Each structure stands twice: as structure tokens, then as C-alpha cells.
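K.L.:
Let the hints inform the model, and build the full structure from the sequences given.
Protein chains: 2
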Amino acid sequence: MNQELQQLGKQAKAATRQLMKLASDQKNQALKFIAETIMEREPNILAANDRDLEAGEKMGLSESLLDRLKLSPQRLEGIANDVLKVAQLPDPVGEEFESRVLGNGLRISKRRIPIGVIGVIYESRPNVTVDIAALSLKSGNAAILRGGKEALHTNRAFAKAVMDGCVQAGLPEHTMQLIQSTDRSLVKEMLQANQYIDMIIPRGGPALQKFAIDNATMPVITGGVGICHIYVDAKADPDKVSPIVVNAKVQRPSVCNAMDTLLVHQSVAKFILPQVARALAEYQVELRCEPRAYKILRGFPDAIEAGVDDFDTEFLSLKAAVKVVDNLDETLDHIYEHSTKHSEAIITEDYSAAMRFVNELDSSAVFVNASTRFNDGGQFGMGAEVAISTQRLHARGPMGLYELTTYKWVVLGNGQIRI
Amino acid sequence: MNQELQQLGKQAKAATRQLMKLASDQKNQALKFIAETIMEREPNILAANDRDLEAGEKMGLSESLLDRLKLSPQRLEGIANDVLKVAQLPDPVGEEFESRVLGNGLRISKRRIPIGVIGVIYESRPNVTVDIAALSLKSGNAAILRGGKEALHTNRAFAKAVMDGCVQAGLPEHTMQLIQSTDRSLVKEMLQANQYIDMIIPRGGPALQKFAIDNATMPVITGGVGICHIYVDAKADPDKVSPIVVNAKVQRPSVCNAMDTLLVHQSVAKFILPQVARALAEYQVELRCEPRAYKILRGFPDAIEAGVDDFDTEFLSLKAAVKVVDNLDETLDHIYEHSTKHSEAIITEDYSAAMRFVNELDSSAVFVNASTRFNDGGQFGMGAEVAISTQRLHARGPMGLYELTTYKWVVLGNGQIRI
Chain V
1 MNQELQQLGK
11 QAKAATRQLM
21 KLASDQKNQA
31 LKFIAETIME
41 REPNILAAND
51 RDLEAGEKMG
61 LSESLLDRLK
71 LSPQRLEGIA
81 NDVLKVAQLP
91 DPVGEEFESR
101 VLGNGLRISK
111 RRIPIGVIGV
121 IYESRPNVTV
131 DIAALSLKSG
141 NAAILRGGKE
151 ALHTNRAFAK
161 AVMDGCVQAG
171 LPEHTMQLIQ
181 STDRSLVKEM
191 LQANQYIDMI
201 IPRGGPALQK
211 FAIDNATMPV
221 ITGGVGICHI
231 YVDAKADPDK
241 VSPIVVNAKV
251 QRPSVCNAMD
261 TLLVHQSVAK
271 FILPQVARAL
281 AEYQVELRCE
291 PRAYKILRGF
301 PDAIEAGVDD
311 FDTEFLSLKA
321 AVKVVDNLDE
331 TLDHIYEHST
341 KHSEAIITED
351 YSAAMRFVNE
361 LDSSAVFVNA
371 STRFNDGGQF
381 GMGAEVAIST
391 QRLHARGPMG
401 LYELTTYKWV
411 VLGNGQIRI
Chain D
1 MNQELQQLGK
11 QAKAATRQLM
21 KLASDQKNQA
31 LKFIAETIME
41 REPNILAAND
51 RDLEAGEKMG
61 LSESLLDRLK
71 LSPQRLEGIA
81 NDVLKVAQLP
91 DPVGEEFESR
101 VLGNGLRISK
111 RRIPIGVIGV
121 IYESRPNVTV
131 DIAALSLKSG
141 NAAILRGGKE
151 ALHTNRAFAK
161 AVMDGCVQAG
171 LPEHTMQLIQ
181 STDRSLVKEM
191 LQANQYIDMI
201 IPRGGPALQK
211 FAIDNATMPV
221 ITGGVGICHI
231 YVDAKADPDK
241 VSPIVVNAKV
251 QRPSVCNAMD
261 TLLVHQSVAK
271 FILPQVARAL
281 AEYQVELRCE
291 PRAYKILRGF
301 PDAIEAGVDD
311 FDTEFLSLKA
321 AVKVVDNLDE
331 TLDHIYEHST
341 KHSEAIITED
351 YSAAMRFVNE
361 LDSSAVFVNA
371 STRFNDGGQF
381 GMGAEVAIST
391 QRLHARGPMG
401 LYELTTYKWV
411 VLGNGQIRI
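Quick mapping for you: the protein sequence lines, in order, are chains V and D. Under the numbering used here, the first sequence has 190 at position 190, and the numbering climbs by one with no breaks. Under the numbering used here, the second sequence has 181 at position 181, and the numbering climbs by one with no breaks.
Honestly, the hints are just simulated from the structure, not real lab data. A hint or two may mislead.
[Unchecked claim] Derived DSSO-like pairs (lysine-lysine); straight-line CA-CA distance at most 30 Å:
{"id": "1", "chain 1": "V", "residue 1": "K21", "chain 2": "D", "residue 2": "K235"}
{"id": "2", "chain 1": "V", "residue 1": "K160", "chain 2": "V", "residue 2": "K240"}
{"id": "3", "chain 1": "D", "residue 1": "K240", "chain 2": "V", "residue 2": "K21"}
{"id": "4", "chain 1": "D", "residue 1": "K32", "chain 2": "V", "residue 2": "K210"}
{"id": "5", "chain 1": "V", "residue 1": "K188", "chain 2": "D", "residue 2": "K188"}
{"id": "6", "chain 1": "V", "residue 1": "K13", "chain 2": "V", "residue 2": "K160"}
{"id": "7", "chain 1": "D", "residue 1": "K21", "chain 2": "D", "residue 2": "K160"}
{"id": "8", "chain 1": "V", "residue 1": "K210", "chain 2": "D", "residue 2": "K240"}
{"id": "9", "chain 1": "D", "residue 1": "K210", "chain 2": "V", "residue 2": "K188"}
{"id": "10", "chain 1": "V", "residue 1": "K240", "chain 2": "D", "residue 2": "K21"}
{"id": "11", "chain 1": "D", "residue 1": "K160", "chain 2": "D", "residue 2": "K32"}
{"id": "12", "chain 1": "V", "residue 1": "K235", "chain 2": "D", "residue 2": "K21"}
{"id": "13", "chain 1": "V", "residue 1": "K270", "chain 2": "V", "residue 2": "K240"}
[Said to hold, decoys possible] Taking beta-carbon pairs under 10 Å as the criterion, some of the chain D residues facing chain V (in silico):
{"id": "14", "residue": "G56"}
{"id": "15", "residue": "G60"}
{"id": "16", "residue": "L61"}
{"id": "17", "residue": "S62"}
{"id": "18", "residue": "E63"}
{"id": "19", "residue": "P90"}
{"id": "20", "residue": "G94"}
{"id": "21", "residue": "P243"}
{"id": "22", "residue": "A248"}
{"id": "23", "residue": "K341"}
{"id": "24", "residue": "S343"}
{"id": "25", "residue": "S363"}
{"id": "26", "residue": "D376"}
{"id": "27", "residue": "T406"}
{"id": "28", "residue": "G413"}
Bear in mind the structure is a predicted one, so any value in this text is a computation, not a measurement. Where is the CB? At the ideal position from N, CA and C, for every residue including glycine.
P.N.:
Here it is as C-alpha cells:
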């Protein structure tokens, strides 16, 4: 194994034994110091960020990537404030649940404990470095982070601030560690370091996620890729349709919980589709229509015929696939075939249709009469999130502090033996 | 991918959509039919078992393996009764938790749902086939099982009874499927069939578990390998020590929650070790002692000097490693270095020592003044278990019905959009 990774792994494992013992006050104190350190080092962090931006321009990064990379005093203050918000969240560690007393008098409970060492692989946005450090620290985990090359100097400046804040509060220095090497082969080695890393989160596109699934020897939290559906039922309240569809598509088109596919019941398609198309036209949303939908929307300047992959595409932009469906069964079949299990919504006033939709789908979040954009840790009141999971185990949807814990059984006896 | 596996995978995935919708009564009815079918087919199943036993004898299987393989009318009745017991357990599917109403009026909850398709790889004991079928059915999952070659005919007879019971109750035929091919390469293909199998449980020794960790593309539930420790503290109640140690070592030495290592505080070692050695001598337990312990136990016929691997060995037999430790810190360090994170117990009347032991260890179950043998689904009141997990995510310790579920977020609104 790569020397640096091995050293980081050992240091992280050693830190976990201290981290799991910490009381909330100590962890919150560290978070406060981290936020303060970030603010104190504003010139330093912005200068590091400038170096990344200059290098990025030379490398020919796109405008949108450069924008994601760019920090300002305001953004920095936002990042520091987010750390303070994590300090205010309840500490999940130590909570006991499913407690009971057995017939023989043994008292047993599941007790929430940190997972251990969390590995995260991510790109460009440097705020991720601080967000993940704060959430993993508060949940008592150590973190090993591998950020994108294009944000290297910014990430290093942030990592230094985090580590210094930890040390100032008496926490282990290796609570959070950033991999310094930019060697690409390290990603694969990281995925196979299951003796050191207990859970890995690949924050990136489908290619990175597949690479992690195929190569990781520890559990992988996949997610953040959403082909999200909204189904307009025969009994939809017409007044709710356009606001929800527009919000789900337009409010922030570049993210995973934005709508990609609009399914409309055939009995209302002629009425609903033009209404929705007019509302979306204000934002120049391109509508990629299957034949029945295209027949209705042909006149609209942004409506085109759907290509073969359009119902299997996460657009991340102002585009949507549109389809007319015969009924709810066809809708459910379509979603099972094309969904990435992220977020699906039905718009309806029909009780049975709403119940079937939420009961029979298995995506990470299913909505009735609400925008898919709500599948988010902040919106769900979890404070923040390290990922939106679409895999099937452990945690689904937004992963906040609780989802960064596991449990052990605590069994208190007075001499019981098994008969 | 292997044709059979692909077909089984598709059929299992198709079954999951029906399974997740089933009400408890239907599932319990199927379990009742399965139990009845097993009892009705007693001659048939015992004849299949005889074929396996004959083949096993020819292949030169050991007495203990043949004994694990062998069914009798009593064992068969026990297996059928266990199915009926699963029918009586509460159904975890559909339970909602962490429910709340957001500021905007959205009602959100986590709702327990089946995981999907569970893959299990196991050996010899044919009751596993029925146990896992019953638990996965009750929790709404489909199962694909790969049993050992030596139990092939018995497993086939059981699988037929399970499938027929399912069909009789109107459940999908492919609720539970047994891989028929005995081709060894199929195990690796099964581990990489993550498009069909959502979670894999390798029930077997360390070699199988490592093979699964290294090759699986879906989450792996490792477990069932326990290097379990009992620590006798300076303040242990001497009357509790021998009963607990003897129970943990002797009551069933061949299983994972049996004690492997005995650690004794130096201040009481001279008194406690001979007492324990006398109690264990009744069962001819071999004691493999590190130097300080050997100095005390040298006179005992079953005491020998420990070899280099003895503190890293799951004995599964009447052997134990014995060590004198200076204090609780050395105990915790020893356990962190040698444990497989299964079960650890402290015997003490000292409040602070007990608290430190349960707070600072992270094994799947930590005990105060009780035998490690209690780390078991039946003992914990979970009815039954598919595995005892020692990995860090999703579930730890006994995995019963609840641990065979995951969740989705259900979000009920009346037109909410994100601002």
C-alpha cells in the first residue's frame, strides 16, 4: 500500500479510540475553534484559493467549475457558520434504543457509536472539506479525505484550519486528514484500504461511483445521482402541478434532486402538458417528448422529440424528458425501469393513488404533492449532509449525523449464564 | 454472467415488487404452509438427506460434519417449528420512525421497507436453508441461496417445500431460490451480481469472508467469526467468575460467541486463575498461557505455554488463551489489537471499570457480568437470526427481522415547493 495512505490510515484508526470517548461539549468546542480559525485565516485561505483559480484557468477549467471553486469573504463566512450550525445539532453518539430487559434479568440496548474512519472522495467544491470534517467530527468519526486536484491549495488551507482547531480543543490532530498526494492510482488503493477505512463515500458522477462499487473492499455509500420523476395523476389538482414541476426543475437544475422526467396521465395530458410547458418556457426548459407527449407539445418552441437515452439521463440542466402514461401501473413500471432510486413525486388528490405511489416505490424518498427538491439534509431538519444515499443499506436519502453512526449492543448483567 | 444466476436474479428482482406489498397475514400464512409442507414431506426430505449422508461418507466427511448434515424426524420437526415461530414474530415492514412535521407543513418519516434480494452463501447445515427462507420472507425480501455441495439433495428438498408453500399462499414462486449448479466459480459471479443481489451474507470461515470482502460489489455482512474475550477485573466477584467463564467456554465450544481469551488482572490472578482452571479442568479445557499466567498455572495438567498465534485464534473447541494483564488499559489495548469485534465481557463489581469497558470498546456486543454466549438472536428476543454481524455498518450482532429491512423517506405534502 502507498506509504502516505498507510500512515494516514494508522493515524486515523488511532484517533478513533479517543474520538468515540468525547463528550459533546468537547466536540462542540472544537467546532467553534475550527470556525474561528477559518475566519482568522481568511486572507491565507483566499490566497490559496487564488492559486487554485489561476491554475484552473491555465488548465482551461470551465466557467461553472471555476465558479464552484471560487471562494469569497461571504462564502467563507457561510462555511464557518455552517460549522457553528453543526455544533448546535444534537449529538447522536451514546443514544440507546431498542432497550429491554430479558427474562433472565439481563438489560440489553443498542447504543449508537461512531462508525470509525470515514473515507470521502470528492471533487472541486472546497466547502465539502469543511462540511465533512464538521459532520464526521461531531459524530465521533475520523475522516480521510481525497479532494480534487483543482482545489488542492484551498483544501490544504482548510484542512490545516480544521486540524489546528481540533488540537486547540484537545482533540486528536488526526481527526481529519487530507491526502496530499495527487497521484490518481491512490483512489483505487484508498478503496481497498478496508483495514483502515470503515465506510467510503464517493461524491461524484456515475463513473466514480461505479469505480468505487467495483473496487472497494469496505461498504460504499453510493448516491447523489438522481433520475427523478414527477407523475401528474388523473386526479391532480391543476393549481399544484406547474408550481411543483417548475420548482423541481428550475430552482436549482444542477443538483441531484432536480426533476428529470415528467410523466402525465393520458386523461389530463392535453390540458396539463401545455400549462406546464408554458410555465417552463419562462426558463427555456427544453422538453424532450416521447411521441404521445410530442403530439400535444409540438407547437412549443422548446419541445423536441425525445432521444433514445432521454429517460435514462440525469440532465443536471434545464432539460426534462416528458411522457404520457396510461395509468399508475405504467408509471410505477416506468419508474422501476428508469429510476436511480433517488426522489419520486406524485401530484394527485386521489387518496388511493397517493398511497399506492408511496407504498409501492422503493426510492430513497417518495413525495405526495411536493417538490423533489426537498430530498436534502437541510430541508429535512438534519442540519447538513455528507451525501444523499441511493443505495439500499444502512442509510438512504440525506446522510446527517445520525447516519454517520452505527451501534453496539450493551448487555448489563449480574452473573447470568446461558442455559 | 452465468445463465442460471442471471435468471434467478431477474426472477428474484421481479418477486421483490410483490413481496414488499404483502400484508403480514399473507406472509404468516405462507410460513404456516411451509411448515406444514416440510412435515408432510418428511419421508421425502429424510430420503434426500440420506443420499447426502451416503455421498458424504464416500467423500470422507468428518463425523462432526456428517452430524451437522444429518436430519432426524425430531430435527425436522424442530425446523418446521422454527418457521412457525417466525410467523409469530412482529412484522418490521411498514413501521415509521423519526417522523416529524417540517416548518412548511411537510410530514416526513422514515418507513421500514425490505432490503430487496438477499444472497446467502453457506455450508453443510441444511436447517440454514429453511431459517433464512423464513426470515427473509417475513421481512419481505427475496432470497438467493447457495448451499454447500454436501447438502445439495437436502437443500433441494427444503427449497421445493418452501417454494410450494409460498405458491400455496399466493406468494411469488421466486421468493426463495436455491442455486442448483455446484460450479465453484459461481460464488465469485454471485458476489459480483450487484444488479440483482442487494446484500450478501457469507456464512462461513475467515477465508470465505475475505473472499467475499475482496470480490463483492454489493454490501457484505461479515460476521460469525469471534475471538471473544472475558476480562476478570481486580474487583470481580469471585463467585461470578468461574460460572461465567465455564459457561462462555464450555456450553457450546464450537460456536462464534464462545470465549477464546481469558484476561485476568494481576492483583487477583494468583487467586482467580487456579479457581478457574479447576472449574475448566472438569471439561478438559486446554489453557494456553502466556508467561505470567503459565507461572501460576504450571501445575495444572491442561495448562501449556501459549504459542505465537493463540491470542489471534478462534478455537471453536475446548481451548482458551490465558493472559495476566496489569490493568484495564492493557485489557482494552489487548482487545483492540486481537478482537474480531464480536463479544467481550468484563467481570467486575467496580462501577467505573464496568462503565469504561462498555464505553470504550466497539465490539458488536459488550457484556458486564454475563456470558458472551448471550450474543445470539434467540437469546436477545429477536426470534432467530440470519447471521451475527461483526462489520460496522447497517447491523451489528444478531441480525433478525428488523436487521433485514432498510427504509425510505415518505413525504406527504399539499403543494409545498422549496424556496
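K.L.:
State for each hint whether it applies.
P.N.:
How the hints compare with the structure:
| no. | hint | in the structure |
| --- | --- | --- |
| 1 | V/K21 <-> D/K235 | holds, 23 Å |
| 2 | V/K160 <-> V/K240 | violated, 48 Å |
| 3 | D/K240 <-> V/K21 | holds, 29 Å |
| 4 | D/K32 <-> V/K210 | violated, 42 Å |
| 5 | V/K188 <-> D/K188 | holds, 20 Å |
| 6 | V/K13 <-> V/K160 | holds, 19 Å |
| 7 | D/K21 <-> D/K160 | holds, 23 Å |
| 8 | V/K210 <-> D/K240 | violated, 53 Å |
| 9 | D/K210 <-> V/K188 | holds, 18 Å |
| 10 | V/K240 <-> D/K21 | holds, 29 Å |
| 11 | D/K160 <-> D/K32 | holds, 15 Å |
| 12 | V/K235 <-> D/K21 | holds, 23 Å |
| 13 | V/K270 <-> V/K240 | holds, 17 Å |
| 14 | G56 | violated, 30 Å |
| 15 | G60 | violated, 34 Å |
| 16 | L61 | violated, 29 Å |
| 17 | S62 | violated, 26 Å |
| 18 | E63 | violated, 25 Å |
| 19 | P90 | violated, 12 Å |
| 20 | G94 | holds, 9 Å |
| 21 | P243 | holds, 5 Å |
| 22 | A248 | holds, 8 Å |
| 23 | K341 | holds, 9 Å |
| 24 | S343 | holds, 9 Å |
| 25 | S363 | holds, 6 Å |
| 26 | D376 | holds, 8 Å |
| 27 | T406 | holds, 5 Å |
| 28 | G413 | holds, 3 Å |
Checked against the numbered hints listed earlier, the structure breaks hints 2, 4, 8, 14, 15, 16, 17, 18 and 19; every other hint is satisfied.
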